[in-house]
Each structure stands twice: as C-alpha cells, then as structure tokens.
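Fit chain to chain and form the complex, with the hints in mind.
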Amino acid sequence: MRVLANVIGYLLVGSAILAVGLWVDNYYYFQLLTFIGINTLLAVGLNMLMGYAGQISLGHAAFYGLGAYTTGILGVHLGWPPLVTLPCALLVSGLVAWLVGRPTLKLHGYYLGMGTLGVGMIVHVLFREWSSLTGGPSGLPGIPTLSLGPLEIPGGRPYMFVVWGVVLVSFAMCQRLVHSRVGRALRAIHFSEQAAAAVGVDTARAKLQVFVFAGVLAGLAGFLYAHMVTFVSPSSFGFLVSVRIVAMVVIGGMASIWGSLFGASLLTMLPEWLHVFSEYEVLVYGLILVVVMIFFPQGLTRGMLDLYERARRGKTGSGS
Amino acid sequence: MQEFLQYLFSGVTNGAIYAVIALGFSTLYSATDLINFAQGEFVMLGALVLVTLWSQAHLPLWAAFPLTVLLVAAFGMVFERVAIRTVRKPSPILLVLITVGASIFLRGVAMLIWGKDAYSVPAFSKTQAIEIGGAYLLPQSLWILGIVVLLVVGLNLFYHRTLTGKAMQACAINKRAASLLGVGTQKIALLAWGLSAGLGAVAGVIIAPITMSSYDMGTMLGLKGFCAAMLGGLGNFWGAVVGGVLLGILEAMGVGYASSSLRDAIAFFLLLLILYARPTGILGKASTQRF
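In order, the protein sequences belong to chains A and B.
My numbering numbers the first residue of the first sequence as 1 and each following residue consecutively.
My numbering numbers the first residue of the second sequence as 321 and each following residue consecutively.
In isolation and in its complexed conformation, chain B is listed as follows (with noise of 0.2 Å):
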C-alpha cells in the first residue's frame, strides 16, 4: 500500500507536468490548428532560462518565474513571426519539417549556450516532505499540481468567456471566416504562439526543482506531453489533464512494478495505441474527417 501510494504520488506529480506541456499543445491547436513539434523545446528552454536568472542573475525564484515565462514567450512569438509566417504555401508536412528542424535547432543552441552540464534549483518552497500513508509527497507536487488546476481555469475562462479568446477558437475553425468576420488572424496566431510557448516555459519552470534540467530534455518531455493531449482530446484543457495524470500514474506503475527501462515504451505504446483507435482522445468529441 505505501509503495502503491508513493508510485501514485509520483506519478501524478510528472503527470501534471506532462499536463502542462498537453495545454501547451492545445491551445496553439485551438487557435491555428497546428501541431508544434518543438513544444518540448520551449520547455528545456523555460528550465534553463531559470537556472540561468536564478543562478547568473542571482534573481530570487519568485521573480524569475514570471521573467523566464516572458522570455519564452517572446521567443515563441519571434519564432512565429520568423519561420511560420514567412512560409508561403503552408501544409502540415511542410510545417512539421519546419518545426522538427526547429527543435533541433534550439537543442544545439542550447548545448552551446548551457553545454551538455545538467543544472537543478531548489524547490518553491522550504517545507519538510509531507507523510500520508508512510508514503512522501514533496510540496513542489502541491505546488504544481496548484499551477496546473489554475493554468486551466484560466484558460477556459480566456477561450470562453473573453471575445479574443472567441476569435482564437474561430480561427482555429476557419481562417477566412473569421477574417472576414474582423479577426486579426496575424495576430491571434501570433498571440497563441506566444501563449503556448509561455505554457511549455511554465512547465520547464516547475520541473526545474524536481529534475535536473539540461540540453536535451525537451525531445522526451514534448512527446509525453503530445501524448497527455491525444488521451484527453486536442483542444480540450480538462481533457490534457486527464491525459497527463493518466499518463503520469500509468508511467509510475509501470517504472515501479515492471521495469524502469519500460518508461520511454508505455508513453509511445500509449500515443500510438490512442491515435490508431480514437484519434480525437478519450474525453474528445467523436468527429467526421475534415477534407
């Protein structure tokens, strides 16, 4: 029972992170209908753009959170302007080339930058692990899985109570309508490149406490996320979450009563079994083929 609850807890905690990275997917999917094979990318980035402030510029965490996030914001708004604009005739082969070579590019940036050293910060806050059962929760679990319930309340009240939040969802249904209709599509693809690249730095920022971040973790940490968002449905917030715990607790159990060297597998088991049998994920709407 205590192994089971510890295997639990972890897995809930990476499930929440994995989670993030999904509402990073969904809501660049919600706005553009596009999938960012780099997302990964961004979130390696929103880790060691925290190390580097906290540790260089010697900012307290609490301010380099919102700092780093910032950061890669920007940044996911300068790659949008630069290599998703630019493209001419754009079509999902052409777009997931552009960003595979771009996450390639950023993890070679960033073995420049950081070297191939793996860095850690501590944790948000200073309190003793908290016992339940004989099993360990650490409070950096409660503070992510805090973030994650807010991220997505935030998120759906922005999709659907706000009017840009309305426009995004339109331009994800039909560009041309929704320009004719007054939506600046160029900025709102620009605004959701922003905020799902914000997402993936929030999430490399949690993780930052509770694993040691270095060049290429995003490649691993970007699938697991695509995966959490295909379980619960693309576009759909509550759905990521469900798909990360899910994935999450599926893991843990896994890694701790079968093999660790399984836990790369179940995720890929998992991604290619969901998008063979329901591609549009567990909690998603069944939907006809868009031509």
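In isolation and in its complexed conformation, chain A is listed as follows (with noise of 0.2 Å):
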C-alpha cells in the first residue's frame, strides 16, 4: 500500500514536470519549477532531521551556501568545471556539517536552536566579510552555467529537468532512508533520545549521520541554485532564509517527505502569485510559523486532513 502510495506520488510528480517541459513553452515557469525543485531538496533534507530525528535547526542556509560558494569559488576564481566543482561543494558542506554537527548535536531544545543558529551567523559573516574569496557583501558573479563535459545544460527547460530529476531520486533515498534500520532509530530518538539510547541506538552517532545527510543535500541545492542564477550573494543565505526552510518544512509536515514538496512549493509560488505579498513575505512567513505551530503541530497538510476526517465523523454520527 506504502509502495504503491509512493509510486504513484512519484508517477504523478515526473509526469507533471514532463508535461510542464513538453507542452509549456515559457521560461518563467520553467525557472518557477526550478525554483521550486530546489527548495524541496532543500525542505526534504532538513525534514529528514526535524521530522523523523525531532532535531531543530535554525541555521540551514549556512549548508545550502557553503554549496553555493564552493562551487561558486572554484568555477570564478579556479576556472573548474562544475562536474568537478560539485563533489567539492558535497564535500565540504558534509565537512562543515560533520565538524559543526559533532559538538552541537550535544545540545538539546532551546540550546540546539540557539548553537545551529550561531553556526549559520558565523558561516553568513564569513560569506559577507571574507571578501577577496566571496565578493563580500556585493557578491560572487560570474559563476559558468552548469555542463557535464561536453553537454552544456543552460538555464530554462533542460534545467528543471535536472533539478527535478535530482529531487526525485534524493526522494527515493530518503524514503528508503526513513523505512530502514536508520530511520527507525532516529523516529525512537524524536519520541525520546534515552530510550532510543536504551535499547541500543548510538543516538549521538545516528543524529550526526542525518545532520550530515541534510548538510549534503543542502549543499547539493546550493551548487543548483549557484548554476543556476550564476551570480551568489550573501543575502541568499542568511537567518531569514534559514527560518523559510524551517516554515516550509512545518507547513508541509514534519515527518512527511511528501509534505515537503508541498511546503516549498507553496511558500516558493506565494510571493510570486500574490504582487503585494512581498511586502509582508517575512510578516507572512512569521504569522504561518505561529498560527501553524500552535493549531497544527503536526503540520498543515496533516491538520487539514484530520479537520476532514473530524467534519466527516461529525456528520455520519461517531460512525467507525
């Protein structure tokens, strides 16, 4: 039922994109979808330490831009190839997620908050000050689009398909991520860290693995989105943008990879639907946390679903 639920999701979501890039012939929407594919990649990964391992991070976007700047930096300055740019750019921000993530995944509660929060202001200052590596405030220009040898990829259709088939496939990992062995261990750590250490899960190891997991996938965005708007700046990646990834992962629900792809979207299409929007995107993205968090705990889309299963049973009388 699971697999097949899955399959489905999976047919359905690449069909949908075949179907953008065969019939639409617009860039706008092509870079919409992009967009959107790489704010799931995004979303999944920090649900997958949220979610399933109930470890906060506030300071996500300090992995999405070491992704972008090292990719970024070695393509300016060193002339790379992004073929070769990219397992540097995986590399270190797994490095910086593994060296950060040992001594902060100590903490528990407000203090994780507080540290992961650090670490993403101390990554940010480094972007904006480190100026004659990253531009400094102004930023990074002149990043080669994205080519794997000889096949250059340019911006616009071939792109989305790229991006949304990296999606799908970091989807397939995490699901079966989340179904294992591993992925058992770090539900029993959300529900309580000394059972799961109980009954014999190495908990500090298992969070270091899926804050290092997220730190990659993040990284992977980040080397996307680089290739893709060829220019990086350290606005992209600041707290605000931290707190936009923690939103579309409690819209979409935590625990529910599936949930995330509907987060990301939707908090990627708003500000683009709604003109007047921008104005108050950050008022907005703070009232959604609040009112979210407070009604539905267990994300929008679940909330949503349980109010249903309610008014359904209220109706029929308490029938099942």
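Quick caveat, the hints were computed from the structure, so don't treat them as lab data.
Take the hints with a grain of salt, since some may be wrong.
[Unchecked claim] If you want the footprint, here are the derived chain B segments under chain A, 3+ residues with CB under 8 Å:
hint : segment
1    : 398 to 410
2    : 419 to 425
3    : 519 to 530
4    : 567 to 574
Since the model is a prediction, treat every value here as computed from it, not as a measurement.
The C-beta atom is built at its ideal place from N, Cα and C for all residues, glycine as well.
Here is the structure:
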C-alpha cells in the first residue's frame, strides 16, 4: 500500500514535470519550477533532521550557502568545471556539517536552536566579510552555467529536468532511509533519546549521520542554485532563509516527505502569485509559523486531513 | 592607554545593555523554563515606541520611558495569552518555532509601522562627556550602568524576598508541584512574560539615545543578550551582568584592535564555545541533565 502510494506519487510528479516541459514554452515557468525543486531539496533534507529525528536547526541556510559558494569560488577563481566542483561542494558542506554537528548535536531543545542559529550566523558573516574569496556583501558574479563534460545544460527547460531528476532521486533515498533501520532509530530518538539509547541506538552517531545527510542535500541544492542563477550573494543564505526552510517543513508537515514538496511549492509560489505579498513576505512567514505550530503542530497537510476526518465523522455520527 | 580606556568605556556601555537583555531572558527562564527567541524584538519595540512617544506624542523622555515599558510589558502578556498558553502540548521544538515565528512577524509589523528608516532620541541628560585619562565617557553610559545595577538589585529582592518571586522560582522547578501547593501557575507565567518583555523594553529605551533604532535591530541584540545570559548562567541575575559586560568588553577590544567586521562573529563564537564547553555558564552551578 505504502509502496503503491509512493510509486503513484513519483509518477504524478514526474509526469507533471514532463508535461510542463513538453507543452509549456515559457522561461518563467521553467525557472519557477526549478526554484521549487531546489527548495524541495532543502526542505526534505531539513525534514529528515527536524521531522524524523526531532532535532531543530535554525542555521540550515549555512550548508545551502556553503554548497553554492564552494562551487562558485572554484568556478570563478580557478575555472574548474561544474563536474569537478560538484563533489567539492558536497564534500565541503558535508564536512562542515560533520565538524559542526559533533559538538552542536549534544545540545537539546532551546540550546540546539541557539547553537545552530549561531553556526548559521558565523557562516553568514564569513560569506560577507571574506571579500577576497566571496566578493563580500555585493556577491560573486560570473559563475559558469551547468555543463556535464561536453554537454551544456543552460537555464530553462533542460535545467528544470535536471533539478527535478535530482529531487525525485533524493526523495527515493529519503524514503528508503526512513523505512530502514536508520530511519527507525531516528524516530526512536525523536520519541525519547534516552529510550532510544537504552535499546541500543547509538544516538550521537545517528543524529550526526542525519545532520550530515541534511547538510549534503542542502549543499547539493546550493550547487544547483549557484549554476542556475550564476551569481551568489550573502543575503541569499541569511537567517531569514533558514527560517523560510523551517517554515516549508512546518507547513508541509514534520516527518512527511511529500509534505516537504507541498510546503516548498507553496512558499515558493506565494510571493509570485501575490505581488503585494512581497512587502509582507517576512511577516506572513512569521504568522504562518506561529499559527501552524499552535493549531496544527503536525503540519498543515496533516492538520487539514484531521479536520476533514473530524468533520466527516461528525456528519455520519460516531460511525466507525 | 587612552585608546584602551576608550574601548573599555564603550565595551562596558554595550555590555550593560546586553546585560539588561540577558536579564529579560533570565527572568522568563527562572519562571517558565522557557527561552524566548523573540526577546530581541521586545528591545526593538521598546526603542521604537519610545521614539514615537517622544517625537509624535511630544512626551518628555522621563514620561515616555515608563509608558513605553508598560506598553511593551502589556504586549508581552498578550503574547503569552495568545501564542504560548494556547499551545496544547508544549515542547521545546514547538516553542522555539513559535517564538522564532513571532520574532519575524514582529519585525515585519515594525517595518510596516515605522518603515525602514532609523530614528534617534536625545540623551537622558545634557551634560558634557566626562574626560578620564584622555578618554571620554558619555553621561548616557552612567545612566545605563545605574539602571542596570538598580534592575539587578530589584530583581534579586523580588525573586528571593517576596512570595510572588518565590512562587515564580517554584514554577520553574516543577510546575505541577507548584500548582498543587496553591501557586497560580498561569498567572505566574503571565507575570513572567510581562516582566521579561518590560526588561526588553528597558534595554530598548536606554539604547535609543546612543544608537540608531530601526525595525531590524532586535535580532542581533537578542542573540547577544542570550549569549550574555549563557555566559553568566541562565537565571543568575548578577551572572547576566558579568556575562554582558564581559561580552561587551571582548567585542569592543576585538573591534578596536582587530577588525570591525569581527564584531558579530565574536559574540557567536563565544556563544558556541560556552554552549559546548560549559552550558551552565561561568558563574552557574554545574548541574546534572534533567530528563
């Protein structure tokens, strides 16, 4: 049943992307879908950490930025091709996640929030101040477009296909992970770290693994972002971006992989649909976080389903 | 020497402000065991409400000061009632997300009300700067230091000598037990939020004359205040002062002798160091982990 639902999900998303790619000929839609894909990668990675393992991170944009800046710096200053910078970007974001995660993940609750926030801020200060390397506050222009050997992948339709290919593969990976021994360990940690440790889960190791995994996914998203926009600046990786990723996870529902897709799509499209919205963008993210957390701590999708269930049951009496 | 003194003065002044913000964190933590990620936004509200009362309502500063603090404290209570008490199953991760959301929301609201401009108000007293060993000490710094000492003495008396203060501590230790002994835990939580928001507003008011106030000033100040509170040990009022002043001096020296770009990194580096190495703070007692 679960497998079937997932296969249907992959087919639906895949065919929707294919349909847009084949029948629509509008650069704007391709770009929008590409951004949705990138944000979905970020959200699904953070969801593994926050939704499944129950470890909050308020500095996820740091790893996103590390991926983007690594490929950007290597491409601009050294002229390395994207095929070579991709493993470097993943390695740097993964390595930093590992280094930072070791001490940070010992913290709990509020302290973990503050710790990850501090990490995000320090990385952001680095992007801003290390001007010789990162171009400082004005950013780093001239990042080459994506190419795999002789194969050029320009922005627009081809890039959208690549990004969504990556998204679907990462979905499959996350799904396998969630229903594996590691995934069960993570959920056990979420429920109670002491209990998990008592039944033999190496909690520190499991938390570090999922932190690095989320960091690498964010680095991958950063890589894709940098070669799509061909320009990176510190403002794309600040605290507010971290909060936006958290909001995507929260809206889609913690511990829901398909929910991340929904949350990322909603928060990417909202500012595009409502142009007046841009002034209030930050305000709305804040409000969404507060309201969803108070009324639907399980996430908006699950909350809506629950409400629907209750309404239906209310109508048919206390049926089943 | 003259340079050093000047850095020291500015460091102590900034540190005293961090200390007031840290007191806000500590009062809330001492009563509800909760950390408010929107504390910095109360500081911002304090500064901007003061600006409005002074420039639009033409109130003198001595009248605008208490009015601002009362208004923001009332707002803090409303926030507790609307966004914190309504949470059915409070857990740290939920409350972190709610207060982070609230902080962003308040920032957005402040941007709508006050725009993106930066405002300033005059100093509390018009005395000339005092010269000590070639360095200048602003009278506003003396005001700030005096207010900090008053606040700490007052809070210590309140928490250790009054019944309400003791009830607050009881709530933090064990809410259910406190409630069984007849403490109105909901009222205490409300009071703690008001107190903490009011302290944030005090920090905003005393900072308004020496810096430009704008809608986005709160986040950084809140984080530095938290850093100060952690340095001194959360819930320890004198510790908050020690932590704040230490952070302020380190920052001023770093900016003076190394580079101004380091300013924000210093605070976060210290924060991480203290979180990793000694999460109970310098003055805090070592404690075992509570499950």
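Evaluated hints:
no.	hint	result
1	398 to 410	holds (count 5)
2	419 to 425	holds (count 6)
3	519 to 530	violated (count 0)
4	567 to 574	violated (count 0)
Comparing the model with each numbered hint stated earlier shows that hints 3, 4 do not hold.
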